[in-house]
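Asker: This is what each chain is made of:
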Amino acid sequence: GEEVAQTPKHLVRGEGQKAKLYCAPIKGHSYVFWYQQVLKNEFKFLISFQNENVFDETGMPKERFSAKCLPNSPCSLEIQATKLEDSAVYFCASSVDRGPATNEKLFFGSGTQLSVL
Amino acid sequence: ILNVEQSPQSLHVQEGDSTNFTCSFPSSNFYALHWYRWETAKSPEALFVMTLNGDEKKKGRISATLNTKEGYSYLYIKGSQPEDSATYLCAFIDYGGSQGNLIFGKGTKLSVKP
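One line per chain: the protein sequences are A and B, in this order. Everything in the first sequence is counted per the numbering used here, starting at 9 for the first residue and increasing by one. Everything in the second sequence is counted per the numbering used here, starting at 29 for the first residue and increasing by one.
Simulated from the structure, these hints should not be mistaken for laboratory data. For every residue, glycine included, the Cβ atom is placed at its ideal position computed from N, Cα and C. One or more of the hints may lead you astray.
Which residues of chain A face chain B? A few of them, derived with a C-beta cut under 7 Å, are [unchecked claim]: (1) Glu50; (2) Phe53; (3) Asn111; (4) Lys113; (5) Phe116; (6) Gly117; (7) Ser118.
Isolated chain B, as found in the complex (with noise of 0.2 Å):
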């Protein structure tokens, strides 16, 4: 079973502080990796679709690198703002019995404190 986990599960932090979060995978077999940003009652927006190995990318305020031999990607939020706090999904695809299909994590809250 593929299994995709997500530290810390929720983060509060002050407007102005910057904050960074991790999502793990099974490293074998790796495709792709997804980041999502999820406010509640509103659509999941993409942030990042990832696929090489050091991979880094860059959105703005928001940035993300990837690990794929050890299984890891770190998503980082620099001076945070209080229109940063949502749920930051991770989601990981195989080559394999996944059928290309995402496998999320269970995501991670922000909270932005002005």
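So here's chain A without its partners, still in its complex pose (with noise of 0.2 Å):
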């Protein structure tokens, strides 16, 4: 597709349950990120991949959250046991070839709104 289509728009969790988000990339592009925003506050990096290899997972929480990228599936996001503080906006973003490294504009998926009760 010609956008970064993230679902769902939102999601509603119990404190305790799980909670697994999607990101499709733009056809074509070769990396992918993601980025959490909490209340108002920066957008935060989590993990990026190239194609399906994870390429930095240093802004990764060690424990509960897990992401991947599979051949001809979309990207997913999975937070095991959500706490409280996890309520936040998820942003994909996707690009084209190196991504930041070699001055290329990321382009944002909308987001997937997390609230976790």
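Please assemble the complex out of the two chains, which come individually in their own frames, going by the hints.
Answerer: Printed below as a string of structure tokens:
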């Protein structure tokens, strides 16, 4: 597709439940990035992929968070046993080639609003 | 810890006013600076990617400048229109530990009154 598609737009979970978010990057884009925006704060980098391989996961919380980008499937971000502080908007972005390291702009999805009650 | 600061946090102007805001970033190991425009509930949209000290970029009524030696970038909007109302995000990349990932500021929220 011509835009980054994120689903669902809104997700409500009770504390302790699992949450799974999906992202379909623009066709032909090699890099996928996940960002977390808590309240009105800055976008916090979580993880990036080069095709199906993890490129950088330095922003991922060690526990409960995992992500995958499998061939011919949307990328996913999964949170096991959600906590109240996981409530945030999760943005996915993709870029054509090597992403920001080559001065390429990112194309963002419109985000998934996760509310943990 | 790398920090990107944006000021002001929010700005209210009248239609037709020109305005500008600032993005400050670490001046050492600079690689690139991005500006994005973000309307709530929509996707952030890239405005500019700037890499060279002294760079000036323009897109319609919006322009940006870059000073890598002192670590700041200005975004200018000439003759603001209500449709310019959005949050303007800047993001920085360094050569070093950020692995080429974008480090975002908190944004400047612009409201343009008709």
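Asker: Taking the earlier hints as the rules, which of them does this structure contradict?
Answerer: none
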